[in-house]
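S.K.: This is what each chain is made of:
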Amino acid sequence: MDTTTVNSNFKSEEYFINMGPQHPATHGVLRLLLTIDGEIIKKVEPDLGYIHRSIEKMCERDSYQQIVHLTDRMDYLSSHINNEAVCLTVENALELEVPERVKVIRTIIGELTRIASHCLWWGVMGMDVGALTTYFYGFRDREMVNDIFEETCGARLTMNYNIPGGLMYDIHPNFIQRTKDFVAHFKTKIPEYDKLLTGNVIFQKRMKGVGILSKEDAISFGASGPVGRGSGYSCDVRKHHPYSALNKVTFNESLKTAGDSLARYEVRIMEMWESLSIIEQLIDNIPEGDYKVTTKAVIKLPKGEYYQKVEAARGELGVYVISTGTKNPYRLKFRSPGFSNISLLNHIAVGGKIGDLVASMATLDIVVPDIDR
Amino acid sequence: MSYFSNIYNGIKSLLTGMGVTGKVFLNARKGTITQQYPENRETLKMFDRFRGEVVMPHDKENEHRCTGCQKCEIACPNGSIEIVWDRVVNPETGKKKKEIDKFVYHLGLCTMCSLCIEACPTDAIVWAQNYENSVYDRSYLTKVLNQPESKLMDGVED
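Heads up: the sequence lines are chains A and B, in that order. At position 138 of the first sequence (counting the first as 1) the number is 138 in my numbering, and the numbers step up by one without a gap. At position 97 of the second sequence (counting the first as 1) the number is 1097 in my numbering, and the numbers step up by one without a gap.
Everything labelled a hint here was simulated from the structure, so no lab data went into it. In this text, a Cβ means the ideal position worked out from N, Cα and C, and glycines have one as well. Don't take every hint at face value.
Unchecked claim - The list that follows gives simulated cross-link-like pairs (lysine to any residue, SDA-like), each with its CA atoms no further than 25 Å apart:
#, chain 1, residue 1, chain 2, residue 2
1, A, K327, B, A1119
2, A, K187, B, D1048
3, A, K208, B, N1009
Claimed, not checked - Here chain A is said to cover these stretches of chain B; the calculated rule only asks that three of the stretch's residues, wherever they fall, bring their Cβ under 8 Å from a Cβ of chain A:
#, region
4, 1011 to 1024
5, 1088 to 1099
6, 1126 to 1138
Okay, chain A solo, but in the shape it has when bound:
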């Protein structure tokens, strides 16, 4: 009879578990196939497709005005910026010059969207590492932005405020005052965010040196947005290829070189300051003029291929249209930031613990409908 020692009873063995699709830390219906040894992660395999709605295929059926509202449903936290991307593509293809007023309003609302998105991310980020209070504070400040959107655009999240050629309606008379109130309010709140979470010793220990992504890897994985900039990869589309009114404002690109979770966190906090400064530069100087140029009822793009990229809250969103001269696009492809960013999850999570996986996934700021479309 064999005599088993205590040590051989507890031998190390790799095993496999599912995380998701219904898991609160995956921020939606994302399934992760984890190969783990004890609590050490050996492999992470994201399994996509649980919320696939074939938006790209539906775009081939719709007219160019109708496509805009579908992009609300991709990255719903930066819906205005998604709308803007499609509208800019169509306007560039038609060689349509939109009024200055439209450009400025689009930029202001785009930056407000970015702040609202980062507020939600900050709240959920705190909750993922165990700080429930941040969730309420983030949503409290986001509520003011949502009210601005509701008054001007008519909806809080899926706004569909842009149309090819301009805006659906003019801004509400209260818009400027409300935005100024929000900027003044939010300037007192970001230092609170820093006091509450950034400086917290537990948070620092969870973030520093975890999920490291080097600059070379960020470039080769196609990372964009705050994920790329946290690794020192200068990839801000607003800086390198300015669109709308962004060439009129001065702002700094938020860059950190550490490449860990804390760097990605700090980049987003810095971006909120930069967005506030962009809004402040533009809000007093909204030019007078029309809020749209009238287009034909049936928009037909000239035959050819068109590409436009914008900086959404999560990174670079590209819209690639192939037109054969009809009223529908022949093919429409969205280059979504979330899809590229999730591809590096395996790279940054291997070797860490499951808790670190949740934390680094939160700093990637995943929105699953954006990944799946």
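Since the structure of chain A is already known, use the hints to place chain B on it.
M.R.: For chain B alone, coordinates are given in the frame of chain A:
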């Protein structure tokens, strides 16, 4: 020594965070953004542009402004609007004219994109500011917007 300084720094950072939450706790009444929702139904007013559902306003004589041009039906991305129409002979002029029989609106399909209302040349349909749209059965979400026996308002042409 670093052992004690770690403890000191840890407690300090926790107290800084608790200072923030304490301040919010003491000023809980100031700057409240939450609403006591089911209780404040009488006073809760949505913004003018809020997209609740599509409605067709009628005046006192039960007249609407819809000419049946179907521009909203074409503009709608997902078939939420169906217009049943017919050509009716006008007894005064003797000309045949389009007239709507039923303006069917599927609230369950609607994505509130506002393209139909932008497309309408006669402002026949507008947004209502309803915010409680849930019903017990899916069939209640299909609505006929023009009231029974209603007519086209005089002088409205597309």
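S.K.: Against each hint, give a clear statement of whether it holds in the structure.
M.R.: Hints, one by one, checked against the model:
Between K327 of chain A and A1119 of chain B the CA atoms are separated by roughly 17 Å; this keeps the pair inside 25 Å, and the hint holds. In summary, the hint linking K187 of chain A to D1048 of chain B is not supported, as the alpha carbons are separated by about 29 Å, beyond the 25 Å threshold. This hinted pair checks out: K208 of chain A and N1009 of chain B have alpha carbons roughly 16 Å apart, not beyond 25 Å. Counting residues of the region 1011 to 1024 of chain B whose beta carbon lies closer than 8 Å to any beta carbon of chain A gives 8, which meets the minimum of three for the stated coverage.
Note: the region 1088 to 1099 of chain B has 0 residues with beta-carbon separation from chain A under 8 Å; the three-residue rule is not met and the coverage is violated. Counting residues of the region 1126 to 1138 of chain B whose beta carbon lies closer than 8 Å to any beta carbon of chain A gives 1, which falls below the threshold of three, so the coverage claim is violated.
Of the numbered hints listed earlier, those contradicted by the structure are 2, 5, 6.
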